[in-house]
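Student: Okay, here's what each chain looks like letter by letter:
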Amino acid sequence: MNMFIEQLLNGVAVGAIYALITLGLALVYGVLRILHVAHAAIYTAGAYVGLFVYRATGSIPLATLAAMAVCGVLGILIERAVYSPLLKYPPYVPLISSIAMFLGFQELFRLLAGPYIIAFNARLPLSDAFIGHVRISAPILIIYVTSTLVLIALWLLLYRTEIGLAIRATSQDRAIASTMGMDARSLISLTFFIGSAVAAIAGILVGMHYNQVYPTMGTVPAYKSLALIVVGGLGSLPGAVFASLLLGVLETLLIGYANVPLPRDSLAFIAMIAVLLWRPQGLFGRKGGR
Amino acid sequence: MSRLLRTMVPLVLLVAVLMPAAAQNTIKIGMLVPLTGSAAADGTSALNSVKIALEQVNAAGGVLGKKVELVYYDDQADAKQAVALAQKLIDQDKVTAFVAGSYSLPSRAVAPLFQEAEIPLIAAYAIHPDVTKAGDFCFRNGFLGFVEGRAAAYTAHKLLGAKTVALLTSDNDFGRTLVTGFKEYVTKYGSGLRIVAELTYPMSETDYKAYLTKIKEANPDVIFASGYYFQTGPMLRQARELGIKAKILGEEGADSPKLVEIAGEAAEGFYIVTNFDRDDPRPIVQDFLKEYRSRYKIEPDMVGASAYDAFMILIDAIKQAGSTNTKRIRDNIARLKNFNGLTGIITGFNEIGEVVKPVQVQVVKNGLFRHFGVVNDPALIQP
Chain A
1 MNMFIEQLLN GVAVGAIYAL ITLGLALVYG VLRILHVAHA AIYTAGAYVG
51 LFVYRATGSI PLATLAAMAV CGVLGILIER AVYSPLLKYP PYVPLISSIA
101 MFLGFQELFR LLAGPYIIAF NARLPLSDAF IGHVRISAPI LIIYVTSTLV
151 LIALWLLLYR TEIGLAIRAT SQDRAIASTM GMDARSLISL TFFIGSAVAA
201 IAGILVGMHY NQVYPTMGTV PAYKSLALIV VGGLGSLPGA VFASLLLGVL
251 ETLLIGYANV PLPRDSLAFI AMIAVLLWRP QGLFGRKGGR
Chain B
291 MSRLLRTMVP LVLLVAVLMP AAAQNTIKIG MLVPLTGSAA ADGTSALNSV
341 KIALEQVNAA GGVLGKKVEL VYYDDQADAK QAVALAQKLI DQDKVTAFVA
391 GSYSLPSRAV APLFQEAEIP LIAAYAIHPD VTKAGDFCFR NGFLGFVEGR
441 AAAYTAHKLL GAKTVALLTS DNDFGRTLVT GFKEYVTKYG SGLRIVAELT
491 YPMSETDYKA YLTKIKEANP DVIFASGYYF QTGPMLRQAR ELGIKAKILG
541 EEGADSPKLV EIAGEAAEGF YIVTNFDRDD PRPIVQDFLK EYRSRYKIEP
591 DMVGASAYDA FMILIDAIKQ AGSTNTKRIR DNIARLKNFN GLTGIITGFN
641 EIGEVVKPVQ VQVVKNGLFR HFGVVNDPAL IQP
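Same order as they appear, the protein sequences are chains A and B. Quick note: the first sequence, position 36, residue 36 per this note's numbering, numbers continuous. Quick note: the second sequence, position 310, residue 600 per this note's numbering, numbers continuous.
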């Protein structure tokens with residue numbers, strides 16, 4: 001039983017990290033209807049900025065803030081410089097440019113930081129927690145605390161403020177939101193900023209947790225988060241979070257109890273295919289599409 | 291004037307054509323190494339080590355009265371890239387011998403080309419059995435998975451005194467042959483040694499907690515954890531985070547200073563079976579270590595040491611052959627006996643070109659790989 005609970009805790013931690021990466025993608029899809037593959041490059045940039053600021057200052061809060069700011073601005077730049085001029089073309093045009101940017105960024109990271117894996121050795125003042133006989137290790141605890149805080153903050157922002165209401169309105173129907181006096185342009189930029197800043201947090205968490213930052217660390221998240229927003233229902237934020245947590249747990253239990261050397265990453269795609277076949281609007285999507 | 295020009299131009303062209311042939315007063319050794327991409331750290335280590343070997347050879351007057359020249363290219367650990375570059379080494383650079391300083395995928399792709407061209411090849415650390423199967427011109431200075439698997443089982447059984455062991459290995463060719471070798475030892479010699487858990491993880495894995503939680507339940511004395519340093523590094527950390535106290539034993543894939551950087555304190559007391567002993571007192575080893583550390587400001591590793599040996603064995607064979615006749619060089623590699631190498635006293639190569647030499651056991655102490663033991667039982671190290 002203890003083993004089952006420990007596996008469950010491991011799985012939720014993996015899922016929470018997926019959720020932080022996937023949320024930004026779902027947000028962007030909501031306002032622009034673009035599959036933002038380069039989001040995974042922003043996540044990698046977050047890990048690098050966090051690592052270098054941490055090395056320079058020795059402060060994780062400072063490193064996190066710096067990474068959030070840099071990535072947020074990077075997100076806005078990508079939107080303004082690349083997506084905005086391409087929106088008039090069919091959706092595959094921004095998608096292809098997004099893939100190109102993702103690959104370009106990977107090479108840029110390699111040129112700037114070198115091809116090596118760099119260790120992100122940060123000690124945080126947290127110790128293992130025990131619930132009965134079940135032990136939650138400090139690194140997992142950090143993931144729980146951080147992701148819970150981020151999710152609460154995002155929920156408050158989107159569902160309890162006027163700006164949040166405006167973002168949600170824009171994502172439902174940009175034309176109508178604009179005629180109602182909302183500044184779609186700034187709202188889109190704000191959405192990119194928020195999504196990218198959250199991706200930066202995810203990058204730092206992953207970098208610290210696995211103690212490695214490297215140019216291609218965004219590859220798996222790039223395609224897995226695409227599968228996850230499809231499973232959750234394109235553009236649905238609760239759907240993205242739910243699908244991420246579910247996948248994290250399923251992957252972990254599959255390894256823990258079946259031990260098929262099936263790459264855990266394939267599960268996301270099996271889920272995506274199943275969803276497309278039987279519930280194309282996604283787990284949390286509304287029928288009839290948008 | 292124009293008549294002069296008309297006679298000069300062909301003359302200049304003729305000289306230009308003849309020049310490369312006339313300039314062949316060096317002996318060229320070719321090498322492919324990954325210098326960019328995910329394998330860059332290993333490729334750089336191999337190249338840096340061979341550069342030291344090259345300087346030593348040339349400082350001692352070269353070979354056959356000629357200077358040795360190293361022609362190397364970056365294959366990005368990519369088979370397609372490697373094939374094109376190997377063709378260039380063979381046709382354009384006309385190398386006399388070749389050090390395969392890259393991973394298995396590119397090395398097994400180029401081996402048939404060098405075999406076809408009858409140019410001797412020594413693989414430094416590529417592990418796939420197919421590399422030497424390309425033919426009699428192909429040799430390997432690294433260990434096969436079977437050998438290292440048997441050596442790992444011996445280490446767990448005899449040197450670490452384990453009664454129970456869990457296997458956590460990568461799902462690729464090397465991981466599988468390691469397991470085969472490990473189990474072969476357990477059936478033949480491992481009385482009192484029991485495998486209590488056996489798990490495999492896909493190459494792309496980064497989070498090992500699900501596997502380790504299951505191993506924790508089985509509570510083994512020793513965990514044999516195979517994988518590269520970027521896999522075993524996080525594995526070690528996560529094992530200790532989960533409160534696993536078992537001794538952990540890895541293999542040569544973890545033999546890199548990067549392992550200690552990634553695993554941090556969790557690396558302390560981590561054992562590996564590998565191809566290099568840093569505490570070997572022979573001058574060849576200690577001089578190399580000193581030179582490497584002062585030049586590159588990083589700890590040398592197995593990959594580099596094995597590439598150094600591959601280069602030196604080729605030079606030695608050219609010297610023995612007394613010419614650049616590649617067939618005679620090949621014969622002299624095959625005849626090699628008790629060679630004083632960086633990776634140990636190399637007994638020689640067997641009939642399929644696999645190296646026979648003792649397997650080294652190292653342990654991490656204060657952040658450095660140190661001597662722990664050696665496996666030299668002929669029954670275990672014979673490929």
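Because the hints were derived from the structure by calculation, they are not lab data. Note that the structure is a prediction, hence the values are computed from the model and not measured. Please note that the accuracy of each hint is not assured.
Only part of the chain A face toward chain B is listed, based on derived beta-carbon distances under 7 Å [stated by the list, open to error]:
id: 1; residue: 10
id: 2; residue: 84
id: 3; residue: 97
id: 4; residue: 100
id: 5; residue: 103
id: 6; residue: 104
id: 7; residue: 107
id: 8; residue: 127
id: 9; residue: 130
id: 10; residue: 132
id: 11; residue: 136
id: 12; residue: 161
id: 13; residue: 210
id: 14; residue: 212
id: 15; residue: 255
id: 16; residue: 256
The beta-carbon is built from N, C-alpha and C at its ideal position, and this holds for glycine as well.
Student: Next, verify each hint and record whether it holds.
Tutor: Here's how the hints hold up against the structure:
no., hint, in the structure
1, 10, "holds (4 Å)"
2, 84, "violated (33 Å)"
3, 97, "violated (24 Å)"
4, 100, "violated (19 Å)"
5, 103, "violated (13 Å)"
6, 104, "violated (15 Å)"
7, 107, "violated (9 Å)"
8, 127, "violated (11 Å)"
9, 130, "violated (11 Å)"
10, 132, "violated (15 Å)"
11, 136, "violated (10 Å)"
12, 161, "violated (35 Å)"
13, 210, "holds (5 Å)"
14, 212, "holds (6 Å)"
15, 255, "holds (4 Å)"
16, 256, "holds (5 Å)"
Checked against the numbered hints given earlier, the structure breaks hints 2, 3, 4, 5, 6, 7, 8, 9, 10, 11, 12 and satisfies all the rest.
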